Structure formats: structure tokens, C-alpha cells
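Listed here are the chains, written in short residue letters.
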Amino acid sequence: MTTQASGDALVSLNGVNKHYGQLHVLKDINLQVKKGEVVVVIGPSGSGKSTLCRAINRLETIDDGDIAIDGKKLPEEGKDLAHLRADVGMVFQSFNLFAHKTILENVTLGPIKVKKVAKGTADKEAMALLERVGVGHQAPKLPAQLSGGQQQRVAIARALAMKPKVMLFDEPTSALDPEMINEVLDVMIQLAKEGMTMIVVTHEMGFARKAADRVVFMADGQIVEDATPEEFFTNPKSTRAKDFLSKLLTH
Amino acid sequence: MDAVIASLPEYWDGFLRTLYLSVISGIIALLVGTLLAAMRVSPVAALRGFSMFYVEVARNTPLTIIFFFAAIVLPRLGVKFEQFEVAAIIALSSYTAAFIAEAVRSGVNSVPVGQAEAARSIGMTFTQVLGFIVLPQAVRTVIPPLINILIALVKNSSVAGAFFVLELFGYGRQLSNDYGDQVLWILLGVAFFYLLITVPLGLLAHFVERKVAIAR
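Sequence order for the protein chains is A and B. The first sequence begins at 1 in the working numbering and counts up one residue at a time. The second sequence begins at 1 in the working numbering and counts up one residue at a time.
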């Protein structure tokens, strides 16, 4: 579980700031994520971790600083931004599967419309992905007919279908019933093992211990600690992190 | 009653013209209205501003004034047309488009924002997000208000009768003059032929609404 040393940063945030009116939600964020790295972002709610995650594919705009993916700065709007987003997979807390499309169509839509992949090829690849996340037999159904855990796994398959360079997970298990959390985490752990670059905002400390290369702890819009899971969980440096962890571990 | 039966050919001709005016104006208004709604939710501030301005002006101006503008002012500005029907179509569709734009916009807003975010995340452009993800889901909520607007359009087309276009209402006026003693029957006949268009529209609304239901 050591940080991989090869190559430059795949995702790089430099001096990123964001305000919601008076509220300073991201304060001078600097974060570099290398290829193949799994970075888990944790912290109390309202600490800005979801905003950080969403800023990386510009679902949230930032006030200043810059964000680059694979050396390319995030474009402001339009076609260039769309191209760049195609390389960044995103998994949401509330799944956000396209409600009017079947499971299979949810996965093939991106490849067909954005990457102009032939339908036959897209269908075949999508089925393979759905099998991989364990929902292959659900392909002809509509999202509403699936359980939350199944929907979230489809959402992961949908993101993977674009063959992204990096995957962002914005609290992927927070909206799930407890018994469905593991089926989603298992898929994510598998993905991490296969070398996918991942930035995961989560409250699942088990996942952080098992799959993360680094843990980034945020509080009040700032990155307070950036350490290996070992270091962070056994020997947190800041009082903020100690406080946060003590609250978690008493249960 | 016999005045109505004697005038059936006129009624039929007026009915067809009203239908023609409504269908053509309806199609143009649907296209322009959807475009205006798309502009209203677009990331380009200038497009949003234009759409808002257009909608506010068009829907807050009495239809008769828009008719005057299309039939009398436009020709003076150099826009020439052979028949007043063209002016009627311009007036009806530009007026109705404003209402359609508002209905479509509220439909777009009814689609959870996560749907658009997910679509953007897989690299779709603004038009793709709207065309493949948001509008197809907005249709369900938009159909009932849209049909209301189209029914209003059919009835609004009667204003054209006052601008020398011989449609259902125009014939109605003419026939009331010809049969001064049976005005009530003549007007009931006119109303009946309007119902012949508007009632099926309402039934269509029910049908389409059930057809496009989406489970969430």
C-alpha cells in the first residue's frame, strides 16, 4: 500500500478556492493524484469533500486556482469540457441512472453518442461490464426495477464504459441500505486492484484501510492531513483528525 | 337549425381552414417554443437573456395587437406576403411559442438535476444532454400543459377571422349576417366545429400521458 512513484500527476489541483456566497467551501486546495493511485477523501460533513470531488470534472465551478487532468487544464465550457469529462468517470451518491433508459442503454449511451462506437460493439462491451459488476441478467430492465446496490453497480459500469483515466466516487454508498454497501465496495476494491486511478469521497473507513494508497482528511474546506491509511488511522497528527476518528471508533 | 344544415359547405371549408391554421401554427410554435426553452436553460447568458425577453414580451401582449403587428406593421417594414393567412400564422405561432417555451422550461426543471449531471459526466454536450436525457423525461410533465396551450391556440385562431381570413369564425360572422334570425344556431354550429378539434386534442393528451409514463 505505498504510493506509486511512476509518472506525473494524473489529477492535479493547485491553489483551488471556491465560495458559496459568504461561505468559503474550498480553501487553497493542493492535491496531486498519480496514475493508479487510490485516494480516499474523508472528513466531517460540510467539510467540502463532495464539492472537491465535483470540481474535478467541473460539475462545480471554482473561483480561482487550476485543475488539470492528465496535464490538460479543465476547459471552461463547451465541447472541450465535454471531451475532458469523457475521460473522467463519475459515480454519484444518488446513482443518477437515466430513468427512461434500460440498464443496457444506460451503459451504452455514452460510448454510442459520445465516442461514436458502433451499437453492436457497445452492446457487447456493456454486457461484459454488467457481468463484471454482477448485474448482467438485469440488462433489459429499467433502473427503478433494481435495488440501490444494483443501481450503483450499473452506475459504475456506465462510467467504466467510457474507459476513463480516473474515476471519481462521490459518497457512493451513503444512500444505500447497510446490506447493500458491501456489494458496491467489493466492485470498487476490485477496480482499485486492477490499477484504476480513483478518488473516493466516503465514510467507509473499512474501504479506506483496505484499498486506499492515501487518505486525505478534510475539515472546513481545507486539506488537514494527507497520509497513508496506516499512518492516518494509527497516528493522526492534527487534533481535528483525532477528534473525527475518536467519534467514529466509539461505535 | 336548417340554416346550419344549409351552410354545411361553408362550415366545412371554415373548419378545414381553422384546422390548417392551427396545425401549421402549432408545429411552428412547438419548434420555436422548444428552441426558446433550450436557450433559456443554456449556459450562454446572451441566449438566456434573449429567450427571457422574447417570452415576456410575447406572452404579455394581447393577441389582437400581435395580429395587428403581423398584418399591418410587418408589410410596412418590407415583409410582404400574398395572403393574410401568412400574417395569421406568424402572429399565432409567435404568440403561442412563448407559452410553449414556458411549459417546456418547467418540464425541464422537473427532471432531477442529477440526470443532467450524470449525462454531462459521461461527456455529453449541452445539446446531447437536452436531447437524449432531459427532454425525453420532461415530455411526461409537459404534455398536459402543452395540450392546454394547443387548445387555446385553436380557439385563438378565431382572431384571424377579424383580419380578413375566412376560417371557422370568419364564416360564422358572415353566416350570422346572412341568417339574421338564426344567429344562435349559427354560432352553436361554429362552436360545434371548434369542439371537433379541441375535444380530440384532450383525448390525445390522456393517451400520450399514459404512454410516456416513467417509473422512478
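Note that these hints are calculated values from the structure, not bench results. Treat the numbers as computed from the prediction; the structure is a model and nothing was measured. One or more hints might be untrue.
Claimed, not checked - Pairs of lysine-lysine residues, derived as DSS-like cross-links and limited to a Cα-Cα distance of at most 27 Å, are as follows:
| # | chain 1 | residue 1 | chain 2 | residue 2 |
| --- | --- | --- | --- | --- |
| 1 | A | Lys34 | A | Lys79 |
| 2 | A | Lys113 | B | Lys211 |
| 3 | A | Lys141 | B | Lys155 |
| 4 | A | Lys163 | A | Lys113 |
| 5 | A | Lys101 | A | Lys73 |
| 6 | A | Lys27 | A | Lys163 |
| 7 | A | Lys193 | A | Lys210 |
| 8 | A | Lys73 | A | Lys141 |
| 9 | A | Lys101 | B | Lys211 |
Claimed, not checked - Some chain A residues close to chain B (C-beta under 7 Å, calculated; not the full set):
| # | residue |
| --- | --- |
| 10 | Tyr20 |
| 11 | Leu59 |
| 12 | Glu77 |
| 13 | Ala82 |
| 14 | Ala86 |
| 15 | Met90 |
| 16 | Ser94 |
| 17 | Asn96 |
| 18 | His100 |
| 19 | Val114 |
| 20 | Lys116 |
| 21 | Val117 |
| 22 | Lys165 |
| 23 | Ala219 |
For glycine and all other residues, C-beta sits at the position ideal for the given N, C-alpha and C.
Worksheet item: Going back to the hint list, which numbers does this structure go against?
Response: Hint check: 3, 5, 6, 8, 10, 20, 21, 22, 23 fail, others pass.
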